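Undergrad: Both chains are sitting in their own frames, so use the hints and assemble them into the complex.
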Amino acid sequence: MSTALAAGGEGALQAAHLRYVLRLADTALVLGQQLSAWIGHAPALEEDLGLANLALDLIGQARLLLGYAGELEGRGRDEDALAFLRDAPEFMNLTLAEQPNGDFGHTIVRQWLIDSWQLEIYQGLTASPDERLAAIAAKALKETRYHHRFSSGWLVRLGDGTSESHARVQGALDELWRFTTELFAADEVDERMHAAGIAPALPELARSWSARVDEDLATATLRRPAAQPYPWHGKRGVHGEHLGHLLGEMQHLQRTYPGAQW
Amino acid sequence: MSEDWPLYEVFIRSRAGLEHKHVGSVHAADARMAIEHARDVYTRRQEGVSIWVVRSADISASDPEEAEALFEPARDKVYRHPTFYVIPEEVKNL
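Line by line, the protein sequences are chains P and V. Residues 1 to 262 (this note's numbering) are what the first sequence spells out, left to right. Residues 1001 to 1094 (this note's numbering) are what the second sequence spells out, left to right.
It should be emphasised that the hints constitute simulated quantities derived from the structure, not laboratory data. All figures in this text were calculated on a predicted structure; none of them were measured in a lab. For glycine and all other residues, C-beta sits at the position ideal for the given N, C-alpha and C. Treat the hints with care, since some could be wrong.
Derived contacts from chain V toward chain P, CB cut-off under 8 Å, selection only [stated by the list, open to error]: (1) A1028; (2) E1036; (3) E1072.
Estimated spans, in silico, between C-beta atoms of each pair [what the hints assert, rightly or not]: (4) P:D187 to V:S1056: 49 to 55 Å; (5) P:P43 to V:S1014: 49 to 55 Å; (6) P:E71 to V:S1060: 56 to 62 Å; (7) P:Y230 to V:R1044: 34 to 40 Å; (8) V:R1044 to P:G76: 52 to 58 Å; (9) V:R1013 to P:S208: 31 to 37 Å.
Over 10 Å on every C-beta distance to chain P, these chain V residues come out as not near it, computed from the model [claimed, not checked]: (10) P1006; (11) E1019; (12) A1031; (13) I1051; (14) R1075; (15) D1076; (16) Y1079; (17) R1080; (18) F1084.
In isolation and in its complexed conformation, chain V is listed as follows (with noise of 0.2 Å):
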């Protein structure tokens, strides 16, 4: 029956988060089933005081073979870092 269902990404918001998290994929006949079985299977010890899920087919992803185009001219601008600056010893809150 499972395998008739479209797959749901999971995000779980935990109770001293901010923010939902991905913690998995479920199986599900709609939205409100996907809920249910996020429910069922990924709260179970209290990790979630909210969730959130999405059609994975909804999801749009980056290309793992342009990796090296999307995320390598990062590498060498260390100046992006905020630790790459020294702070002045006269700046007392920053």
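Chain P on its own, in the form it takes in the complex (with noise of 0.2 Å):
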């Protein structure tokens, strides 16, 4: 795929294309799993099944991503080849979504941001001339609105709370801020995609989501942590020690009995 992608013209389009596809499937996915480890562990009943209800929102956004993933890529793959036998490498998810649950209050961070960014992915891609992506895009930006009303609600709950939710979600916002970057930063594939017409411009997104942001930051009286240089890579299959431990887990009964079903 990089080998195409160096090459230009119509080649580096469509791969480009999938690897574009695969980031916003694999995002959803890992984000999905993460959320799923909460199930049993949620403050409350009703939260436990709040976080649930986000999980298999996500889920089903990277199931009809990574089976239309699959058709990009005409390598016989479906969603379930994509998600259960691919290695770290493979995975071009945001490298924000793989950060740890934590606590509570760490897991309400990590999804504000990437509700908020999701917002204007999602957004953008409705007005695509890709027609199938537009279509995706559309039924995940319902559920997005949601999922931000949740984390935003509680990032407003929690940093407008007490002295130590307040210094928790502070401190959970300063450790995740540097993983933002990533967020907005274009590269080839984001380019291409943009000058094709298919995917919306980065930069103006940004400004969106920067908005949203401080306003959200200053109901929860919480401090925009300062901008960070950070050497991002998820997006670009390079990943910390979590994904690996994650996808151990998400694939194991896969891997273990190859085709199992239930």
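TA: Have a look at this one:
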């Protein structure tokens, strides 16, 4: 795929298209898998179901996107093969999505940052001439609006809550902020997709994201951390240690019993 | 955590329904959270198109001890049911 990208021309556009869809798919899949780990551990029964609902929405988005990616790839891999039989370097998710759950506040901050990003990206893609991608984005956008309502609501409750809850979410924000550089950092895939008219321009989305984030932070009485240079790499398939463990758990059954069904 | 939150009663109006029906209760810190919890707990299978929540403490209920006094007197008043009356043959529409 990388060689095709470098070669330019029609093959490069196809390679970029596939990689672009995989980035969206893998970010949703990895985040959904992370949230699933909260089941049975959330602070309240109602939040347990709330997080499970978010996880199911995200896994549903990943299924649609991976199914499409499999068709673009044209090598006969379906959504299951892509989810369960790829190794970490083939995953193109944002580095932020693979950061560990931490405490509830940490999970909320990660969720809110990605929800805010997905709101922009899905909104932008609803106008894409790629009808398949536009339809998936339109469905995902409705779900994401609720996700953002959920995560921003908790961000405000915790940020503007007790001194303990405030300190915890501010700490999570300070720790996770550096990964947000990657959200809108355009590489040749993003540029090619934008030039082809398929994907929205990232700098525009970044402005809109930044304004929304500032608004939520002000309500939550939280301080926006300073921008930090960060060598982002998740969407290029270079991951930290966390993704390997996550995939080990997620893929264990299909790797041990190939083709197992339930 | 949820033990510290007040209880809310949840009422859902289904797609075909005209009125909100009581479906259960959730714990929540406030009304907004109660609606989100009700959405997450009670509308997972497309059960509803509208949600009402009300603090359980704000509901005034009849006393079960008074049930006889309240409801027994209605028992022998069958003429309050429309089926008590015989409709004349001549009446086509009622």
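Undergrad: Give a verdict on every hint.
TA: Comparing the hints with the structure gives:
no.	hint	in the structure
1	A1028	holds (7 Å)
2	E1036	holds (6 Å)
3	E1072	violated (39 Å)
4	P:D187 to V:S1056: 49 to 55 Å	holds (54 Å)
5	P:P43 to V:S1014: 49 to 55 Å	violated (30 Å)
6	P:E71 to V:S1060: 56 to 62 Å	holds (60 Å)
7	P:Y230 to V:R1044: 34 to 40 Å	holds (38 Å)
8	V:R1044 to P:G76: 52 to 58 Å	violated (34 Å)
9	V:R1013 to P:S208: 31 to 37 Å	holds (35 Å)
10	P1006	holds (13 Å)
11	E1019	holds (24 Å)
12	A1031	holds (12 Å)
13	I1051	holds (13 Å)
14	R1075	holds (41 Å)
15	D1076	holds (46 Å)
16	Y1079	holds (48 Å)
17	R1080	holds (42 Å)
18	F1084	holds (47 Å)
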